[in-house]
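**Q** Sequence:
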Amino acid sequence: MPRKAKGLAAAGVAHAKPGRWGDGAGLYLLVRPSGARYWLFRYTRGGRAHELGLGVASGRGAVTLAEARDAAAELRKTLRAGRDPLAEKREARAALFAAAAEQRIAGVTFKDEAEAFIAAHSAGWRSAKHAQQWESSLRDYVFPMLGALSVAAIIVDDIRKVLEPIWTTKPETASRVRGRIESILDASKAKGNRSGENPARWKGNLAHMLAKPVKLKRVKHHDAMAYQKIPEFMAQLRQQEGVVARALEFTILAAARSGEVLGATWGEFDFPNALWAIPGERMKSGRSHLVPLCPRAIEIAGETGDGFIFANAQGNPLASTAMLALLRAMGSEGVTIHGFRSSFKDWNSEQTNHPSELSEMALAHAVGNATERAYARSVLLAKRREMMNDWARFCTTVPSRSCVPLGKVAKGRKT
3 MPRKAKGLAA
13 AGVAHAKPGR
23 WGDGAGLYLL
33 VRPSGARYWL
43 FRYTRGGRAH
53 ELGLGVASGR
63 GAVTLAEARD
73 AAAELRKTLR
83 AGRDPLAEKR
93 EARAALFAAA
103 AEQRIAGVTF
113 KDEAEAFIAA
123 HSAGWRSAKH
133 AQQWESSLRD
143 YVFPMLGALS
153 VAAIIVDDIR
163 KVLEPIWTTK
173 PETASRVRGR
183 IESILDASKA
193 KGNRSGENPA
203 RWKGNLAHML
213 AKPVKLKRVK
223 HHDAMAYQKI
233 PEFMAQLRQQ
243 EGVVARALEF
253 TILAAARSGE
263 VLGATWGEFD
273 FPNALWAIPG
283 ERMKSGRSHL
293 VPLCPRAIEI
303 AGETGDGFIF
313 ANAQGNPLAS
323 TAMLALLRAM
333 GSEGVTIHGF
343 RSSFKDWNSE
353 QTNHPSELSE
363 MALAHAVGNA
373 TERAYARSVL
383 LAKRREMMND
393 WARFCTTVPS
403 RSCVPLGKVA
413 KGRKT
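First residue of the sequence shown: 3, per the numbering used here; consecutive thereafter.
Just so you know, the hints here were simulated from the structure itself, not pulled from any lab data.
There may be inaccurate statements among the hints.
Claimed, not checked - Within a straight-line C-alpha distance of at most 30 Å, the following computed DSS-like cross-link-like pairs (lysine-lysine) qualify:
#, residue 1, residue 2
1, K214, K131
2, K205, K191
3, K193, K205
4, K91, K113
5, K286, K131
6, K205, K113
7, K193, K113
8, K214, K113
Unchecked claim - Cβ-Cβ distance ranges computed for the label pairs, FRET-style:
#, residue 1, residue 2, range
9, K172, G288, 55 to 63 Å
10, L81, R22, 15 to 23 Å
11, E335, R240, 14 to 22 Å
12, G206, P297, 22 to 30 Å
13, G288, K163, 36 to 44 Å
14, K163, D272, 33 to 41 Å
Quick reminder that beta carbons are idealized off the backbone N, C-alpha and C, glycines included.
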């Protein structure tokens, strides 16, 4: 209970013993056993008692008795006006913190975030040239418009203005620039420097502002089938018999390189967990690669019992040209096996909300440094599996119209 008193004396504030001393009209002096002294204003609102600190009563920056009384008088005016002084103080503090946060974020520009992103990830990229390509594309196309902007303030229309001038004239460059902006803004959000949806995402954002990306004629050995044609092609492929057709079907579903598939052995597969573990010595990067498999891919791989999964009559791996020969026999001129990986990448970018980093991981491209890759392998496997199952559903969706042969249909055969 507070000590009863008619009022405090200024001289007595410094000598009051530990306890709570009332000055009247809700003003109290609180003295701790340590000797620390504080002013409190106590009031009742909505049937509940509340206390509001008015500052220290001793030491540096001490509030005098007269100042405390003035402050208490102002608070009583607030109460008479029907307002809650404690709630107003909390709101003012929150506004102050928000303003401070906005000021901090406002100081972080897109260029700052881009440079930080490159510094954090370039060590894990496949070459110094790749890092240089990032830097030059941002310098030439992005920084002139976005470089000095607060990263927190960038919106979809800002991204449109960057991409529109090169969207049809340099479509491949524009697509890469968009993906790089998306990655930088994702990283910025993870660091707390921006919030909300990523304005550089294609689906649901830029797809409403820009035409579908124009496909450039690719280098001959990487020519790709437009992903929109994949379901019809897969329906035709399922009608083909033989191990070559199954190898090609598996390659497309796993978004794998032909060499990885043709060299696959029974021991690399964890069938209960639907995983394919490709050892580093068989990977282009030299790093082992874990592939989550859709049910159809597991079904295909499980048709054999030992040795090479896709073997010829002698038990050896299929010839490196076998799948391409089947592709040509089916009438798909100008399309390569490797190109199906590009089809997968395009589908993921244009038709899903899966982050571009996930498709890069699926393609066994280097993403981040060694530590980040290890984290991604363990934590993002479930998300990669979801993406690959989505890809399989897309590939195996029966076209709405009857299948029209893509060309001459040839029986697959062992070679």
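**Q** If a hint holds in the structure, say so; if it does not, say that too.
**A** Structure-based check of each hint:
1. For the hint pairing K214 with K131, the CA-to-CA distance comes to about 28 Å; that is within 30 Å, so the pair holds.
2. Restraint check for K205 and K191: the C-alpha separation of about 19 Å stays at or below 30 Å, so the hint holds.
3. For the suggested pair K193 and K205, the alpha carbons sit about 23 Å apart, so the restraint of at most 30 Å is met.
4. Between K91 and K113, the direct Cα distance comes to roughly 37 Å. Violation of the 30 Å bound is thereby established for this hinted pair.
5. This hinted pair checks out: K286 and K131 have alpha carbons roughly 18 Å apart, not beyond 30 Å.
6. Restraint check: the Cα-Cα separation between K205 and K113 comes to about 25 Å, which is no more than 30 Å; the hinted pair holds.
7. Distance hint between K193 and K113 is fulfilled; the C-alpha atoms sit about 15 Å from each other, no more than 30 Å.
8. Between K214 and K113 the alpha-carbon distance is near 27 Å, which keeps this suggested pair within the 30 Å criterion.
9. Against the hinted window of 55 to 63 Å, the Cβ-Cβ separation of K172 and G288 comes to about 33 Å, which falls outside the hint.
10. Hint check: L81 to R22, Cβ distance near 20 Å, so the stated range 15 to 23 Å holds.
11. As the Cβ distance of E335 to R240 is approximately 21 Å, the hint placing it in 14 to 22 Å holds.
12. Between G206 and P297, the C-beta spacing of about 29 Å keeps the proposed range 22 to 30 Å intact.
13. Separated by about 41 Å at the C-beta atoms, G288 and K163 satisfy the suggested range of 36 to 44 Å.
14. A C-beta distance of roughly 48 Å is found between K163 and D272, which places it outside the suggested range of 33 to 41 Å.
Going down the numbered hints, you'll see the structure goes against 4, 9, 14, while the others check out.
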